[in-house]
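Please construct the entire structure, taking both the sequences and the accompanying hints into account.
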Amino acid sequence: MHWVMVDGIPLPKRVGGHPALDFCNTYAGWDERFNPRGEWLRSYEVLARFAGYLELIDESDVRRLCRAAARDDEGAAEVLAETRRFRKHLHSAVTEPSSARLLGPVTRLVQRAAAQARLRPGAQGTARWEIPRSAGLEMPLLVLALSAAELLTSPELLLVKSCPGPECGWMFIDGRGRRRWCSMSSCGNRAKSRAYSQRHRTRA
1 MHWVMVDGIP LPKRVGGHPA LDFCNTYAGW DERFNPRGEW LRSYEVLARF
51 AGYLELIDES DVRRLCRAAA RDDEGAAEVL AETRRFRKHL HSAVTEPSSA
101 RLLGPVTRLV QRAAAQARLR PGAQGTARWE IPRSAGLEMP LLVLALSAAE
151 LLTSPELLLV KSCPGPECGW MFIDGRGRRR WCSMSSCGNR AKSRAYSQRH
201 RTRA
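Residue numbering for the sequence shown is 1 to 204, as defined by the working numbering.
It is worth saying that the hints were derived from the structure and are not from the lab.
Model, not experiment: these values are computed from the prediction.
Please note that the accuracy of each hint is not assured.
Think about it this way: if two alpha-carbon atoms lie no more than 30 Å apart in a straight line, the pair counts; the simulated DSSO-like pairs of lysine-lysine are [what the hints assert, rightly or not]: (1) Lys-13 <-> Lys-88; (2) Lys-161 <-> Lys-88; (3) Lys-13 <-> Lys-161.
Set out below in structure tokens:
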């Protein structure tokens, strides 16, 4: 099963090993033509809930953003559309990080996020970057941009793989060099079933 229920909303499971990869995984089927069935970010509310699920924003901010989106449908739709565009740029940059051309669109949004980011006390005595509430409806988008910058400048980027499952392409960090599937219980088991069926058809 690729998804979990969060506050009554189905969200993709966190299998990437990094929030920026889990963000990329809100679409499935990167190697195929666009398919609406592969889209998880179907509304601004889902975007806000997802950012909360990734623990990038507080639950109180999730509720506040959902209320604000209900009052400003047009503004929420614009942020959602920009988030989806950014996701596509980020996926391209993660796939080919040596390309300055592909990094450009990501860089521009990261700069916007960094201009508003503030250091706040974090867990275990450390500090963390935080997007203030003054960012309004853009808060989920900007926190995702900061997470993207963290991944793209981390050695973990070199360990990223993509699931070869049909209509999947979800990305994950393969720290041990032995992982093939986003999830053995989903894409992995389906591949085993297909291989089993193929062997039996061949014998027949």
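How the hints compare with the structure:
| no. | hint | in the structure |
| --- | --- | --- |
| 1 | Lys-13 <-> Lys-88 | holds (19 Å) |
| 2 | Lys-161 <-> Lys-88 | holds (16 Å) |
| 3 | Lys-13 <-> Lys-161 | holds (16 Å) |
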